[in-house]
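Fit chain B to the known structure of chain A by using the hints.
Same order as they appear, the protein sequences are chains A and B.
Read in order, the letters of the first sequence are residues 41 to 150 in our numbering.
Read in order, the letters of the second sequence are residues 2 to 115 in our numbering.
Worth flagging that the hints you see were computed from the coordinates, not collected in a lab.
Wrong hints could be hidden among the right ones.
With a straight-line Cα cutoff of 16 Å, these simulated EDC-like cross-link-like pairs (lysine to aspartate or glutamate) come out [stated by the list, open to error]:
{"no.": "1", "chain 1": "A", "residue 1": "K149", "chain 2": "A", "residue 2": "E57"}
{"no.": "2", "chain 1": "A", "residue 1": "K137", "chain 2": "A", "residue 2": "E41"}
{"no.": "3", "chain 1": "A", "residue 1": "K137", "chain 2": "B", "residue 2": "D57"}
{"no.": "4", "chain 1": "A", "residue 1": "K82", "chain 2": "B", "residue 2": "D57"}
{"no.": "5", "chain 1": "A", "residue 1": "K137", "chain 2": "B", "residue 2": "E45"}
All values reported here derive from a predicted model rather than from experimental measurement.
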Amino acid sequence: EDQVTQSPEALRLQEGESSSLNCSYTVSGLRGLFWYRQDPGKGPEFLFTLYSAGEEKEKERLKATLTKKESFLHITAPKPEDSATYLCAVLSGNTGKLIFGQGTTLQVKP
Amino acid sequence: DAGVIQSPRHEVTEMGQEVTLRCKPISGHNSLFWYRQTMMRGLELLIYFNNNVPIDDSGMPEDRFSAKMPNASFSTLKIQPSEPRDSAVYFCASSFPTRRDTIYFGEGSWLTVV
Numbered sequence: 041e042d043q044v045t046q047s048p049e050a051l052r053l054q055e056g057e058s059s060s061l062n063c064s065y066t067v068s069g070l071r072g073l074f075w076y077r078q079d080p081g082k083g084p085e086f087l088f089t090l091y092s093a094g095e096e097k098e099k100e101r102l103k104a105t106l107t108k109k110e111s112f113l114h115i116t117a118p119k120p121e122d123s124a125t126y127l128c129a130v131l132s133g134n135t136g137k138l139i140f141g142q143g144t145t146l147q148v149k150p
Numbered sequence: 002d003a004g005v006i007q008s009p010r011h012e013v014t015e016m017g018q019e020v021t022l023r024c025k026p027i028s029g030h031n032s033l034f035w036y037r038q039t040m041m042r043g044l045e046l047l048i049y050f051n052n053n054v055p056i057d058d059s060g061m062p063e064d065r066f067s068a069k070m071p072n073a074s075f076s077t078l079k080i081q082p083s084e085p086r087d088s089a090v091y092f093c094a095s096s097f098p099t100r101r102d103t104i105y106f107g108e109g110s111w112l113t114v115v
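Just chain A, with the same shape it has in the complex (with noise of 0.2 Å):
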């Protein structure tokens, strides 16, 4: 069955205090690994999709980075505006369906 487990639930940074959240997966077929952001009240915000292991993705203070079974989405220097959930998700190839984790909620300090 596909599967997606992300850790930490919850992740309290001071801002400047760089750290990484984990996504663990099963999947039939990976067809691609997302990244959103998600701030309370919003949709889900695309960021990356992965399609391979050991890609990389970057985008400002985010990298994405893909193995054969987990994800993980560094983030460097964090500031109080990259506070929000992080979804990941898997797309697979055999079912054509987008499986989401339960997310990360982050939250950086002043």
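Just chain B now, with coordinates in the frame of chain A:
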């Protein structure tokens, strides 16, 4: 680009009433997904369409839920009759299924059934 457009943004209805949620996908996208988000269960896939055809509706919780996509620019999710446990945020998302999939979400419809 206008993005994925959902309506209504907020709805409060009484138990037993029919609820219809609407979605306009991004122009040119031919895959459409309906999700439900709650604190307890996170984002759950309800149903998805390719080229207006329902591909997998195994996530639809009960027969009270139905979804249609009469054309490439419009989809509905209907709940009849509604129950308090249906209270959630319902998201619509769309994509163009090439090798470089990018799936975009609407702002959601916040449903409260009292």
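Run through the hints listed earlier and report the numbers of any the structure violates, in increasing order. 4
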